[in-house]
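Could you fit the two chains together into a complex? Lean on the hints.
Quick mapping for you: the protein sequence lines, in order, are chains A and B. For the first sequence, our numbering begins at 18 and goes up steadily by one. For the second sequence, our numbering begins at 39 and goes up steadily by one.
Just so you know, not all the hints are guaranteed correct.
Unchecked claim - Quick look at which bits of chain B chain A covers, simulated, 3 or more residues with Cβ under 8 Å:
| # | segment |
| --- | --- |
| 1 | 75 to 87 |
| 2 | 91 to 102 |
| 3 | 111 to 123 |
Unchecked claim - Taking lysine-lysine pairs in the BS3-like style, the calculated list, with each CA pair at most 27 Å apart, reads:
| # | chain 1 | residue 1 | chain 2 | residue 2 |
| --- | --- | --- | --- | --- |
| 4 | A | 59 | B | 51 |
| 5 | A | 19 | A | 73 |
| 6 | A | 73 | B | 64 |
| 7 | A | 19 | A | 59 |
| 8 | A | 19 | A | 84 |
| 9 | A | 59 | B | 64 |
| 10 | A | 84 | A | 73 |
Stated by the list, open to error - Simulated restraints, written as ranges between beta carbons of each label pair:
| # | chain 1 | residue 1 | chain 2 | residue 2 | range |
| --- | --- | --- | --- | --- | --- |
| 11 | B | 118 | A | 62 | 12 to 22 Å |
| 12 | B | 136 | A | 71 | 12 to 22 Å |
| 13 | B | 92 | A | 73 | 28 to 38 Å |
Think of the hints as simulated: they come from the structure by calculation, not from any bench. Remember, predicted model here, so these are calculated numbers, not experimental data. Where a beta carbon is used, it is the ideal one built from N, C-alpha and C, also for glycine.
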Amino acid sequence: QKEVEQNSGPLSVPEGAIASLNCTYSDRVSQSFFWYRQYSGKSPELIMSIYSNGDKEDGRFTAQLNKASQYVSLLIRDSQPSDSATYLCAPRLSSASKIIFGSGTRLSIRP
Amino acid sequence: DAGVTQSPTHLIKTRGQQVTLRCSPKSGHDTVSWYQQALGQGPQFIFQYYEEEERQRGNFPDRFSGHQFPNYSSELNVNALLLGDSALYLCASSLGGGLNTEAFFGQGTRLTVV
Numbered sequence: 018q019k020e021v022e023q024n025s026g027p028l029s030v031p032e033g034a035i036a037s038l039n040c041t042y043s044d045r046v047s048q049s050f051f052w053y054r055q056y057s058g059k060s061p062e063l064i065m066s067i068y069s070n071g072d073k074e075d076g077r078f079t080a081q082l083n084k085a086s087q088y089v090s091l092l093i094r095d096s097q098p099s100d101s102a103t104y105l106c107a108p109r110l111s112s113a114s115k116i117i118f119g120s121g122t123r124l125s126i127r128p
Numbered sequence: 039d040a041g042v043t044q045s046p047t048h049l050i051k052t053r054g055q056q057v058t059l060r061c062s063p064k065s066g067h068d069t070v071s072w073y074q075q076a077l078g079q080g081p082q083f084i085f086q087y088y089e090e091e092e093r094q095r096g097n098f099p100d101r102f103s104g105h106q107f108p109n110y111s112s113e114l115n116v117n118a119l120l121l122g123d124s125a126l127y128l129c130a131s132s133l134g135g136g137l138n139t140e141a142f143f144g145q146g147t148r149l150t151v152v
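In isolation and in its complexed conformation, chain B is listed as follows (with noise of 0.2 Å):
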């Protein structure tokens, strides 16, 4: 049974360039959540995808969008970008919803923009 996987691992890319992360979410999974971590802080919420709509965002700006698929993968695409949105970009797929939903990381995605 597949986790959540996520491509690229590593990425180093210029600032004002654009880039897109790509998930997928755990077998049986239909939601997923992205999320921000700088280095020493705990993860930051962008926005949540279910039946292929954004279903919540956090307080990031419109330079940040995605998209999800029929197949429940995930797209997140960062325009314009500055030196500090370099970071750890995660994934969490879970199942739903509901209060009591569980959601499981994949590996990251290490973004540099220099």
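Isolated chain A, as found in the complex (with noise of 0.2 Å):
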């Protein structure tokens, strides 16, 4: 079993609509959660972190996290074109200080 499980996509999702990304991970006790943008080519870009149960939201997005369910999700709002990029889960291990990364979700915004 992967340590972080995410859908490859690629998720098409019509400009405007909601999008909706998951991620599941196999440690009990990861505490921090976090989720990177990255655009073809350039590296990640943190663009939201959730340490805990519930949601937090920090304007176009909401980031989900259940614990007991090990599970985390991201939902972006009235997407846009420039929201086509690819998502990556990352969990910080609590046994550990290195943060993990899941392969992935490919979103691509049509108009």
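As structure tokens, then:
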């Protein structure tokens, strides 16, 4: 079982709609969770962090965390073509200080 | 406020050679982590440096080594390059190692081994 699982996509969403990106992780005691956006050929950019169960909103982005289900998601409201990128789910294992990454979900926003 | 900077941005090396990649962390950050990202994959953790010592290491062979300097900048060295070492090498900096510490990436070094 992979430590972090994401659907590789591509996930195609019409402009203006809500994009929903999902991630499951295997380490039950993971405490911190990060979402990074990576444009093709560029480095990852941190867009959201979440540490407690529930929702955290920042502009058009909402991160949702359910530690009991070992599940974290990212919602993007009013999707724009500029949101087209790969989104990486990245938990930090509580037993170590490293951040590990899923393989990412490729999101495509169609006009 | 300068972000994380890496050099060089692109590099072409021949199989068997050695390479050194450099990273300057974001101002105020003291921890540097290195990642390798192959095409179509997520970043894979190589190692992390804090207080000039390797604090953690991922599943990479001893050909991969590193160093952190007193000013917190860091180097990644790869010996005896293999074709499979071709990848984007990313440096991420953070402050300390707390659970909620955020990490920020540099622009990466694209290494091609021929």
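To see whether the hints hold, each was checked on the structure:
1. 75 to 87: Coverage by chain A holds for the segment 75 to 87 of chain B (7 residues, Cβ < 8 Å).
2. 91 to 102: holds (count 3)
3. 111 to 123: violated (count 0)
4. A/59 <-> B/51: 21 Å, holds
5. A/19 <-> A/73: 26 Å, holds
6. A/73 <-> B/64: With Cα atoms ~26 Å apart, residue 73 of chain A and residue 64 of chain B stay inside 27 Å; holds.
7. A/19 <-> A/59: 25 Å, holds
8. A/19 <-> A/84: 17 Å, holds
9. A/59 <-> B/64: 18 Å, holds
10. A/84 <-> A/73: 14 Å, holds
11. B/118 <-> A/62: 12 to 22 Å: Given about 33 Å between the Cβ atoms, the range is violated.
12. B/136 <-> A/71: 12 to 22 Å: 21 Å, holds
13. B/92 <-> A/73: 28 to 38 Å: 33 Å, holds
The structure fails to meet hints 3 and 11 from the earlier list, while all remaining hints are met.
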